[in-house]
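There are 2 protein chains.
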Amino acid sequence: MPASFAPSTSVWDLGLVRDNQCLSFWTSEHGTSNSGGESSKESSRSSTPVLAADRTERLRDKMRRRTESGDHWFSLEFFPPRTASGAVNLVSRFDRMGSGGPLFIDITWHPAGDPGSNKETSSMMIASTAVNYCGLESILHLTCCNQTKEKITGYLSKAKHLGLKNIMALRGDPVGADWEEEEGGFNYATDLVKHIRCEFDDYFDICVAGYPTGHPEAESYDEDLRHLKEKVDAGADFIITQLFFRADTFLKFVRDCRAIGITCPILPGIFPIQGYQSLRQLVKLSKLEVPEEIMRVIEPIKDNDAAIRNYGIEQTVGMCRVLLESGNVPGLHFYTLNREVATMEVLRQLGLWIEDPRRPLPWAVSAHPKRKVEDVRPIFWASRPKSYIYRTQDWDDFPNGRWGNSSSPAFGELNDYYLFYLKSKSSKDALLKMWGEELTSEQSVYEVFTSYIKAQPNCAGHKVMCLPWNDELLAPETNLMMDELDKVNRRGVLTINSQPTINGKPSDDPIVGWGPPGGYVFQKAYLEFFTSSENVTVLLKVLKKYEPRVNYHIVNVHGQNTTNAHDMQPNAVTWGIFPGREIVQPTVVDPVSFMYWKDEAFALWIEQWAKLYEDESPSRMIIKYIHDNYFLVNLVDNDFPLDNCLWQVIDDMFELLDNPPEEQPTEQPVEQPAEESPVEDQSPK
Amino acid sequence: MPASFAPSTSVWDLGLVRDNQCLSFWTSEHGTSNSGGESSKESSRSSTPVLAADRTERLRDKMRRRTESGDHWFSLEFFPPRTASGAVNLVSRFDRMGSGGPLFIDITWHPAGDPGSNKETSSMMIASTAVNYCGLESILHLTCCNQTKEKITGYLSKAKHLGLKNIMALRGDPVGADWEEEEGGFNYATDLVKHIRCEFDDYFDICVAGYPTGHPEAESYDEDLRHLKEKVDAGADFIITQLFFRADTFLKFVRDCRAIGITCPILPGIFPIQGYQSLRQLVKLSKLEVPEEIMRVIEPIKDNDAAIRNYGIEQTVGMCRVLLESGNVPGLHFYTLNREVATMEVLRQLGLWIEDPRRPLPWAVSAHPKRKVEDVRPIFWASRPKSYIYRTQDWDDFPNGRWGNSSSPAFGELNDYYLFYLKSKSSKDALLKMWGEELTSEQSVYEVFTSYIKAQPNCAGHKVMCLPWNDELLAPETNLMMDELDKVNRRGVLTINSQPTINGKPSDDPIVGWGPPGGYVFQKAYLEFFTSSENVTVLLKVLKKYEPRVNYHIVNVHGQNTTNAHDMQPNAVTWGIFPGREIVQPTVVDPVSFMYWKDEAFALWIEQWAKLYEDESPSRMIIKYIHDNYFLVNLVDNDFPLDNCLWQVIDDMFELLDNPPEEQPTEQPVEQPAEESPVEDQSPK
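Read top to bottom, the protein sequences are chains H and Y.
The first sequence runs 1 to 685 under the numbering used here.
The second sequence runs 686 to 1370 under the numbering used here.
Mixed in with the good hints, there may be bad ones.
Facing chain Y, according to a computed beta carbon distance under 7 Å, are these residues of chain H, among others [stated by the list, open to error]: (1) Gly351; (2) Pro357; (3) Asn497; (4) Gly518; (5) Gln569; (6) Asn638.
In silico negatives: residues of chain Y with every beta carbon more than 12 Å from chain H [said to hold, decoys possible]: (7) His846; (8) His880; (9) Glu908; (10) Glu915; (11) Asp933; (12) His1053; (13) Leu1107; (14) Ala1160; (15) Gly1203; (16) Arg1234; (17) Gln1254; (18) Asn1256; (19) Asp1328; (20) Phe1339; (21) Asp1343.
Read the hints as simulated data drawn from the structure, not as lab findings.
A virtual CB, placed ideally from N, CA and C, is assigned to each residue, including glycine.
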């Protein structure tokens, strides 16, 4: 029996997406556009979803809710990269494109790329990273052709364990020309759908592929439609289609599906033309035909990439408008080819891209099902949320893995420097340029910090874009404190985390807002920095004046710890008050987890900075000296309705350093960290 | 062997305290005052305790902490009343005297009064009420003489089950003259101390009695001291002494105790002389002798009660000053004789009475050990906290019995009208005078509400001091809204609960403050009232304008419910932000428990008001009509930084009632609740 109707030459099955980002799929079957069927909704702007529901609903319920409210959505398809650095870049892309508000993303399955392995380029790992570390609702593709049931069940179990909740069930390409149907095996996607439902009941949401012009191998369009109905009847929740070039093609397909009783959501696969060569390869590899009206425009500009991309955007926007206005299209699914520009531009023009995304919480949430109730984190990992997620991945519940009734926290080992989703985007060379090819003193370290804070070039002319504790530029709210930060870093108060006081700003404030609309957000001022033991000695004297207004923890790498925290209770430093809800307090300064963070924060000096330099080199010794001798300090100003007093605390410390109460100009100071230093301390006295 | 050293003729053992409040105890042994021993502390003002610790620490730890900080305390002794109405009054007294900040109270054991029973006058029930419903740390006395081990274990088990944590272990009076020591029985308090430690390990804190002049039956003062040491060595945690008249008596006793190795706290028993007769009876019944210098003053004024009491106060204050200044007295224990005036005056003069008590939370906490972590309650029971405690007494944990992860609440049955600790302090006669001997219309009910709110006499000239939903006068913070409340009640918006908006007042604000110092408290405005279905129809139209600012629940006695609450989530309406802590949100508007409160709130119309009148009487029918037809409404203004809009909501409702949009002056209104009413609605149109 020929596999005539089996999905085959498709974006999902061929896996060609990894090879030069050229695709497959195509034919040309153009139905006539008409907007019969479901009710047409006006708004094409993704309105703010109910964020709490967004975190707890399963994908098919989110889809239904958005469809019912007429709130159009979009989704994005990516393929696994070939290299580790490609994986690092893709994760950054997830973070950027995730901010535009896709309902979900999906990751294709690449049978030749060891897709179910733990390799950083595997489909499984990329999807897991998207869910766990980027907080994106994700669909993992899975092909079943030539696979044993055990193998498939193993993949699904692993996916479930990793927190994946959605599977795109595909047949995949038969290997070799003489493929034959196997009795009781996976011959068609339908078999995979049945297997998933049989082995995992209702755990996964299942998506299947639809072919608006019929599958190239199908006996007929109608035969293909019947097979699609079989897939849905076997338990699929929704359909994503192969790409097409004309709105009518899709709208006729939807009508035909509805006519034979397919009632689930059908999402159009949208492919913005991004270049002449990729389009040609696509045509060659698939049976889809590019319509003549498109070829007519493209041929004359085939050497002008920008012009073709602009045409692709225009053509796609036009087609999407027709689709959305038909009332039969609740959302659009984009084949991004792992690129950002064209898809984002289309979405912006359609008004679907969320420019100013609402944050459900002030930190980046994870989409792992067991973290759905997570609503509090220590502030320490604010700039390293992926590290926090990694180190708490084994917790059974949130927040009670640490806060509330549970006993002491069990933070994961500090061994995440080499995890691809935590890697710096910058190369060693780039880091050396930013942080100094050669350090001559502690002062030269201070200068790196000030260059970072001012986002200005260092003395060698390179802009400092990141620090070991901050892989991104300063957050907008931190920018509000730039002058103060600059001032204190110059004198060796090396800040790595801070937040200003906020006394009841609206929850939709573009800079500091988070949570549902109509609420108010608050913060206690927070400042965290490394500084010398000499400074700490004076700081402790100053802090006595600020009791009980200021809470502090001061610790060195050996764990020598000084604090005025109350019974080791957490101090809530970010909270929000919302209409009709309980108080949300997503960020705390927690004395217990601070000891775990301390290990990580000190280790970053060595792992990310010192190791850039030769062993025993002066540069390395300077960083090592700071690591061994400086203290990590955090300060909270509890009096949030007043002006932040933490800068005054630091000023008072400088003042006392500059003008010690009993002047003993000729005597040796009791503590002399500068003498123990391998380099001379050049900070101003 | 004669029971020569056994504690006997004492305030605790004789149980005479119930008989005309005359006491026992006395002798005269005057040591010389000298302040050796423990370090002397300056402050005699009870400073604000750390409130969280105060709720979770056991009594002996609280004592130690207060002693170490030099923070003097006081405690109060009461005896069980003879009558049920006496019990009601005593509970009110607990509430009043509890507000002055005693470290603990103790309840004497009255062997003749069925002390371990469930009678409302039993020692056990009075102590349980003090702990559970008045939130007072309490010590239950227990005498063991002539009791079986089973009986004693039974009492202790019951005490533990009821949430009592502290026992004063006493021998009690032998019954009959021919009492002899029983082999293996309870012959002395030491036996009881050992039994408690043996059967209940460290669960109870144990107090024992000390006799500054030696027990009257003891062979010698030194022999008595040795027996006291035995009691302490057996496991007692601290000592309260018999009363005495001279500071030196006590201070010598403490020195003698320390000399033989008694190191636990020793609290002086303070007895302010309150009258000549009670003092004479005391002298007759005990072997304590009133010192001549006191008798010399009292004899000439023996017919002038006020003069004697004033002298008693002066004499006690003087003695207490000497004690506190000695540095050997961490706290004072008062024999109150169940009276308030003299003890409170002494405490005020000593600066130990807390005039402006800090509230750990905005509602009255319970001292039951399992409620120590309780930190959130529905606002509905704000004026009936004892009812709330009663109805949730079977919850295993707080707040998760209802809020958080747990399933639906299991509120206790609504059958608490006859519980003595929930009874109105007013008689039926007094209630009829306040609420109207005869009601003629709904309007006359409205007038009762306005009289209550203004604290002014009703038309019959009687001040309305309480309502079925409010056994006390309006809270000070409610007074802030008096004019608005008066205005709306006049027109049949019958308010039973409200709170104003608070946007960050200091936690030590005398009116609205609560929680530890240095914090800020917040509230969303809340208003709860009964009103007619006619009003509700219009109100619902008005409320549309206030979405989503105002959350509402509107329900009638049949449970017909209208709300715009979010997924039945609780809405936090009171919260506090404190230095170094997580957010505290003690009060919520909880949709689920509102349905339980609704039953209680409606039932109070019938149980407490309608039943004052004859069956079928017009007065009763009027109340019954309101019960059957009115709605219970609650409103929350979520926009706490703005001015409370709830009065505007009600004004808009009146405005719309007065000027309906489509005027149909001659037509019948669609809804005519007035016609269904048994009496004419006289509210202004």
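Verdict on Y:Asp1328 as a residue remote from chain H, using beta-carbon distances over 12 Å = Non-interface label on Y:Asp1328 holds, nearest chain H Cβ at 15 Å vs cutoff 12 Å.
Check on Y:Gln1254 being off the interface with chain H, judged by Cβ distance over 12 Å | The claim breaks: Y:Gln1254 does not keep its Cβ more than 12 Å from every Cβ of chain H (closest is about 6 Å).
Does H:Gly518 pass the interface hint, meaning its C-beta sits closer than 7 Å to a C-beta of chain Y?
-> Hint on H:Gly518: holds, closest Cβ of chain Y at ~6 Å, below 7 Å.
Interface-negative label, Y:Glu908 against chain H, beta-carbon threshold 12 Å | holds (45 Å)
Evaluation of the interface hint that places H:Gly351 against chain Y, nearest CB under 7 Å = Violated: closest Cβ of chain Y sits about 24 Å from H:Gly351, beyond 7 Å.
Is it the case that Y:Phe1339 keeps its Cβ farther than 12 Å from each residue Cβ in chain H?
-> Correct as stated: the minimum Cβ-Cβ distance to chain H is 25 Å, above 12 Å.
Does Y:Gly1203 sit more than 12 Å from chain H, CB to CB?
-> violated (6 Å)
So, H:Asn497 near chain Y? Judge it on the closest CB pair being under 7 Å.
-> violated (18 Å)
Status of Y:Asp1343, Cβ more than 12 Å from any chain H Cβ | At roughly 30 Å from the nearest Cβ of chain H, Y:Asp1343 sits farther out than 12 Å, so the non-interface label holds.
Hey, does the H:Gln569 contact hint survive, CB to chain Y under 7 Å?
-> holds (6 Å)
Find the nearest Cβ of chain H to the Cβ of Y:His1053 and say whether that gap is larger than 12 Å.
-> Holds, since 19 Å exceeds 12 Å.
Given as non-interface: Y:Arg1234, partner chain H, CB spacing beyond 12 Å | The claim breaks: Y:Arg1234 does not keep its Cβ more than 12 Å from every Cβ of chain H (closest is about 7 Å).
Of the numbered hints given earlier, the model fails hints 1, 2, 3, 15, 16, 17 and 18; all others are met.
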